[in-house]
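**Student:** Spelled out from the first residue to the last, the chains are:
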Amino acid sequence: MNWTAVYAIFRFEMNRFFRTFMQSFISPVISTSLYFVVFGAAIGSRIQEIEGVSYGAFIVPGLIMLSVITQAISNGSFGIYFPKFIGTIYELLSAPINFFEIVLGYVGAAALKALFIGVMILVTSTLFVDITIAHPVMMLVFLVLTCVSFSLLGFILGIWAKSFEQLQIVPLLVVTPLIFLGGSFYSISMLPPVWQTITLFNPVVYLISGFRWAFFGMADVPVGWSLLAIAVFTLGCLAVIGWIFKSGWRLRS
Amino acid sequence: MAAILSIRDLRKIYDGGFEALKGVTLDIDEGEILALLGPNGAGKTTLISMICGITNPSSGQVTVGGHDISADFRAARKLIGLVPQEVNLEPFEKVRNTVAFSRGLFGKPRNDALIEDLLKKLSLWDKRDNQIRELSGGMKRRVLIAKALSHEPRVLFLDEPTAGVDVELRRDMWNVVDELRATGVTIILTTHYIEEAEAIADRVGVINHGQLLLVEDKATLMRRMGQKQLEIQLDTPLDTLPESLIREGLEMGAEGSSLIYTYDTKGERTGITALLTDMQAAGLKLRDVQTKQSSLEDIFVGLVKGDAA
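If you read the protein sequences in the order shown, they are chains A and B. Residues 1 to 253 in the working numbering are what the first sequence lists, from first letter to last. Residues 1 to 309 in the working numbering are what the second sequence lists, from first letter to last.
Read the hints as simulated data drawn from the structure, not as lab findings. No experiment lies behind these values; they were computed from the predicted model shown. Incorrect hints may appear among the rest.
Said to hold, decoys possible - Dumping the calculated EDC-like pairs for lysine to aspartate or glutamate here, alpha-carbon to alpha-carbon at most 16 Å:
1. B/Lys-228 <-> B/Asp-202
2. B/Lys-140 <-> B/Asp-129
3. A/Lys-84 <-> B/Glu-86
4. A/Lys-84 <-> B/Glu-90
To be verified - Distance ranges between label pairs, derived from CB positions:
5. A/Leu-127 <-> B/Asp-15: 51 to 61 Å
6. A/Ile-26 <-> B/Arg-110: 42 to 52 Å
7. A/Phe-164 <-> B/Asn-56: 20 to 30 Å
8. B/Glu-168 <-> A/Leu-140: 56 to 66 Å
9. B/Asn-88 <-> A/Val-29: 50 to 60 Å
10. A/Trp-249 <-> B/Asp-72: 20 to 30 Å
11. B/Tyr-14 <-> A/Pro-192: 38 to 48 Å
Heads up, the beta-carbon is just placed ideally off N, CA and C, and yes, glycines get one too.
With the hints as constraints, model all of the structure from the sequences given.
**Tutor:** Written out as structure tokens, the structure reads:
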């Protein structure tokens with residue numbers, strides 16, 4: 001293992017994060033506050049509570065997931081897409097490092113950034129609502145696994161994308177709708193029965209449900225399913241990355 | 001001296017079926033400077049990219065310091081530094097950080113003194129805390145060199161280091177190469193400036209259409225292929241060449257005021273003595289005499305043309 005190289009990549013990526021501190025750190029916090037103002041005040045005044053939890057608190061896990069997933073994808077994809085775009089990828093390809101080390105550096109940094117933001121949002125939300133966490137360890141497990149798996153997905157997108165447009169298209173057209181329709185701001189039990197069934201095909205439902213369970217001890221789907229879903233998703237991303245690096249797809253001609 | 005870089009029958013066929021490299025075999029000795037000359041699209045960059053790990057070879061074998069570039073890629077790549085043709089740099093990174101990053105990427109522990117020394121040698125020390133986007137084009141090229149040297153490679157590839165660079169920077173670059181030569185670093189540079197190869201290389205390889213046409217010691221190459229010209233300025237211009245002087249290689253210069261005699265330096269007889277004797281016999285008076293060695297450029301153009309034919 002070339003740990004020095006992993007650290008070099010990791011540090012390089014974290015440097016960029018701190019260079020764009022306002023953009024990457026402050027803006028999720030501000031947008032979360034806006035969600036609280038809009039959803040908490042406007043909708044919360046009509047929906048008092050869901051299954052014994054105040055609406056303001058109920059949306060916290062969903063809000064964290066929304067930001068964490070979006071940030072993990074964008075960090076993971078941009079980190080590897082940018083060197084491809086400006087040509088500095090030559091250095092990675094010619095260095096004495098293997099692909100596992102490259103992934104560790106980039107995805108490690110992307111996931112850590114997403115984790116930071118998740119924690120920031122959690123802290124911000126305590127300014128608006130009272131939060132108790134029923135299963136803190138499981139909450140952390142879900143949070144970390146989400147950060148890692150979606151950073152991996154972002155990494156795949158970054159390698160796949162041939163333009164900035166393609167880089168944006170999957171997060172914008174696929175992931176964001178899935179998160180919004182995945183029960184971030186409502187309980188699935190509030191939907192008509194047909195939609196409850198359809199919703200179960202949305203993988204994000206399992207994540208948000210599991211994460212919410214860690215907070216309030218209640219879930220839309222059994223927590224075992226949630227863990228299985230995220231484990232399968234993580235392994236799937238790892239398998240795709242393994243194949244990319246073996247074949248050199250979109251990296252080495 | 002032992003070969004530090006050994007290339008055996010290296011081929012590259014791209015997906016579209018284009019054969020960019022058609023079986024190149026080459027040994028490069030430790031400490032030597034080899035210039036690879038060839039027109040655009042000859043396969044120079046493909047060759048370098050395969051050795052450095054940026055492109056996968058279709059077949060063939062390469063070892064660097066005895067380490068196979070695919071089976072033992074870590075050991076092989078640690079010995080290699082690459083200065084790419086394109087100026088590819090992270091625009092928002094600081095000079096010092098990007099050079100330190102390269103060193104880390106190659107698994108070497110942090111060494112601020114070495115990087116300071118490197119930046120000073122390349123006249124980049126004053127710019128160490130500048131973002132790369134603030135630098136001039138020439139400075140950016142120096143940063144690329146600093147990055148390539150940051151992990152103390154034993155073999156350095158310079159892919160057209162002076163393409164589009166002004167004369168002053170080109171001289172600077174040659175000085176850098178000279179200093180590196182003194183430390184025993186092996187250098188392979190590609191160029192289409194023949195004067196560059198002539199100025200700094202020990203050996204010259206000519207590559208075209210994916211084939212290595214020849215690799216020769218620079219001096220030998222020039223001697224082997226080299227012809228010389230003897231130009232004789234006459235006191236009185238001639239209308240026609242006297243019959244006694246007609247021979248192979250002799251032509252009249254512009255307006256008959258000179259005679260140009262082309263001869264082979266390696267030939268058993270150059271024919272110069274005979275020519276001068278005959279000129280005296282014909283009563284011609286000389287005003288001035290000069291000889292010219294054919295340049296590497298003439299040799300190169302001759303080879304590439306011959307290859308195309």
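**Student:** Kindly indicate which numbered hints from before are broken by the structure, ordering the numbers from low to high.
**Tutor:** 1, 6, 9, 11
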